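J.: In order, the protein sequence lines correspond to chains A and B. Note that my numbering gives residue 152 to position 152 of the first sequence, counting from 1, and the numbers run on in steps of one. Note that my numbering gives residue 538 to position 280 of the second sequence, counting from 1, and the numbers run on in steps of one.
Among the hints, erroneous ones may be present.
[Said to hold, decoys possible] Listed next, the in silico DSBU-like pairs over lysine-lysine satisfying Cα-Cα at most 35 angstroms (straight line):
id: 1; chain 1: A; residue 1: K168; chain 2: A; residue 2: K198
id: 2; chain 1: A; residue 1: K168; chain 2: A; residue 2: K128
id: 3; chain 1: A; residue 1: K8; chain 2: B; residue 2: K490
id: 4; chain 1: B; residue 1: K490; chain 2: B; residue 2: K435
id: 5; chain 1: B; residue 1: K296; chain 2: B; residue 2: K435
id: 6; chain 1: B; residue 1: K490; chain 2: A; residue 2: K198
id: 7; chain 1: B; residue 1: K435; chain 2: A; residue 2: K79
[Unchecked claim] Residues on chain A that point at chain B, a partial pick, calculated with CB under 7 angstroms:
id: 8; residue: K8
id: 9; residue: R164
id: 10; residue: K168
id: 11; residue: I172
id: 12; residue: L212
id: 13; residue: E214
Treat the hints as calculated values from the structure; they're not laboratory data. This one's a predicted model, so the numbers in the text were calculated from it and none came from an experiment. All C-beta atoms, glycine included, are put in the ideal place defined by N, C-alpha and C.
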Amino acid sequence: MNGRSYAKIIEQDRLCEGIFRLRLAFSDTDSIRPGQFFNLYLDDGRHLLPRPISVCEAEGGVLTLVYRVVGFGTEAISKMLPGESLWILGPLGNGYSLDWLKEDSSVLAVGGGLGIPPMLFLTHALAKQGISVGTVLGFRDEGFLLPEFEEAAPSLYLSSDSGRIGEKGTVIDLLETHHLKPDVIFSCGPLPMLRALKDFAAARQIRLFVSLEERMACGIGACLACVCSTTELDDHSRVHNRRVCKDGPVFDAEEVAL
Amino acid sequence: MNRLETEFCGIRFQNPVTVASGTFGSGQEFAEYFDISKLGAVTTKGVADQPWSGNPTPRIAETASGMLNAIGLQNPGIETFLERDLPFLQDAGARVIVNVCGHSEEEYLNVVRRLNGEAVDLLEINISCPNVQRGGLSFGTDPREVESITKKIKDEATQPILMKLSPNVTDITEIAKAAEAGGADGLSLINTLLGMKIDTRTRRFALANRTGGLSGPAIHPIAVRMVYETAKAVKLPILGMGGISDAESAIEMILAGATMVAVGTANFSDPTAAVEIIAGIEHYLEENQLDHIRDLVGAVEAL
Ligand SMILES: Cc1cc2nc3c(=O)[nH]c(=O)nc-3n(C[C@H](O)[C@H](O)[C@H](O)COP(=O)(O)OP(=O)(O)OC[C@H]3O[C@@H](n4cnc5c(N)ncnc54)[C@H](O)[C@@H]3O)c2cc1C
Ligand SMILES: Cc1cc2nc3c(=O)[nH]c(=O)nc-3n(C[C@H](O)[C@H](O)[C@H](O)COP(=O)(O)O)c2cc1C
Ligand code: FES
């Protein structure tokens, strides 16, 4: 059976200040869905817990992850060189469910901050399915992955807090100025953005899916570290606590308290 | 001959390695990564008489060679456990140790009675959880309480019982003796050590619960010392745990006096850690030309 794999680094580059792109050799990229994530292990005997990172792209045996350096683990990974390998486990989590979408559904992929990279994979997947997708991205200041999104996204809307990229403001400002009213929004980003999106979507009867983050230990659904509160009883413990790592990270916004 | 076969509390296990309660769920998630019937046994997450929703998040934090957790014993309760989790474990061919938790004597007894006659090999009674307000730790630190609750559980249980001891006491052997006097069949130690982490960037507690239980390699030397002292103080067999991360740290625990060992936090660093440790112990026996694992139990010698 399958456990962790020791994945070789094909390429690592700095996309902008503090943000890196890691490309790993991973044989089974076809099994990966947008919105899923991988556990990255440091295996140094001191930092025991995995670092969960979302999939930015997965194709042809190459797994691409984009991450921000925030602490010891991401810093250590950013210093690794092509040819070196690291232990990974995945794909983990449910990912965005796309099979139920109709050909004529109008869909927006909305990403903010480090929630932007997974929107690239999602945009590709939706476009491949023949679904009309708009991609809405909110940067903090500096942009990253812009050429990739320009190539992948049939329609792209950009904003940044500082005004350096696209329109100055938030993704909500973009949705409002451009009168975007899709049937469905798939999103990933910081909690304040998800909360604002939830209000936006609720007021307009838009179906919203959010990808959540929580501190994790196992990443596979066993330890119950990563729960979020849900309106419905969860299947695991039947106490309104769903596991972000296993039942998520993607949830219908209606079913989770943000 | 199986050199790892282990008799523990009168029950035969194919090897002395189980998993530590709370780090392995009821096995479903790990069964996606390896054949869980290869373990000596699966020890389940704590089961109460009702569903418990646990503590607010963040529930865990990483620390140097360890981690803190304050899950707060979230669990689906005994009914769901019997309906869903136990049948799963049986179908998977796993031997089963059920970890039992409660806020009060009555709650522990409700679970123990409900398990009467069920296909469970052992009960591990958690009287040492640092993360719940009532019950747990408060039962596990007073020798008179420990003796009394052990007796009551022993009277009602149809399976052998292990009392799971807390390291958050001045002298663990006093508690061990109380459990022995109460009629326990074995002991399980150690549970986590009470700890705290503060994030210097945000100047906030790392855990919503403020305090949590420390586990992982950081606590291994403490666990080895406590297993050693306890093995000297009582006649009961010991399930040893605390920071076991490879075959070497497992064997150390056995040399200190543990008959069985449990792998906990190491499951988070590698889902197949426990089966790799079993293979590593087998390899150690071969390399050292030892006939049987039982010859290592408590076999540490003076310098
Ligand atoms: C499902 C999921 C997907 C993610 N995807 C991405 C991504 O695509 N790109 C990206 O840059 N970041 C992502 N993150 C956040 C990323 O996991 C953390 O930034 C990273 O673990 C930090 O590790 P560190 O050692 O550098 O930081 P430290 O602060 O030193 O880490 C200490 C501990 O806290 C945990 N931790 C720290 N920050 C977070 C966080 N925000 N969420 C969860 N755990 C955290 C670490 O895993 C580690 O156990 C994701 C998180 C989750 C839960
Ligand atoms: C996330 C987590 C959850 C735990 N839950 C339980 C539990 O439900 N019942 C219990 O008796 N011990 C629980 N424990 C304690 C472990 O079973 C074990 O005693 C302790 O972690 C020491 O072993 P380790 O260092 O190998 O992890 C838990 C530990 C962790 C890390
Ligand atoms: S991290 Fe263990 S259950 Fe989600």
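J.: Indicate, hint by hint, whether the structure satisfies it.
T.: Hints, verified against the model:
1. A:K168 / A:K198: This hinted pair holds, its Cα atoms lying about 21 angstroms apart.
2. A:K168 / A:K128: holds (31 angstroms)
3. A:K8 / B:K490: Outside the cut-off at roughly 49 angstroms; violated.
4. B:K490 / B:K435: Holds - the C-alpha atoms of K435 (chain B) and K490 (chain B) are around 11 angstroms apart, at most 35 angstroms.
5. B:K296 / B:K435: holds (33 angstroms)
6. B:K490 / A:K198: violated (61 angstroms)
7. B:K435 / A:K79: At roughly 52 angstroms apart (the allowed maximum being 35 angstroms), K79 (chain A) and K435 (chain B) break the hint.
8. K8: violated (19 angstroms)
9. R164: Hint on R164 (chain A): violated, closest Cβ of chain B at ~25 angstroms, above 7 angstroms.
10. K168: violated (28 angstroms)
11. I172: violated (26 angstroms)
12. L212: Because about 11 angstroms separates L212 (chain A) from the closest Cβ in chain B, which is outside the 7 angstroms limit, the hint is violated.
13. E214: Since the shortest Cβ distance to chain B is 6 angstroms, the answer is holds.
The structure shown violates the earlier hints numbered 3, 6, 7, 8, 9, 10, 11 and 12.
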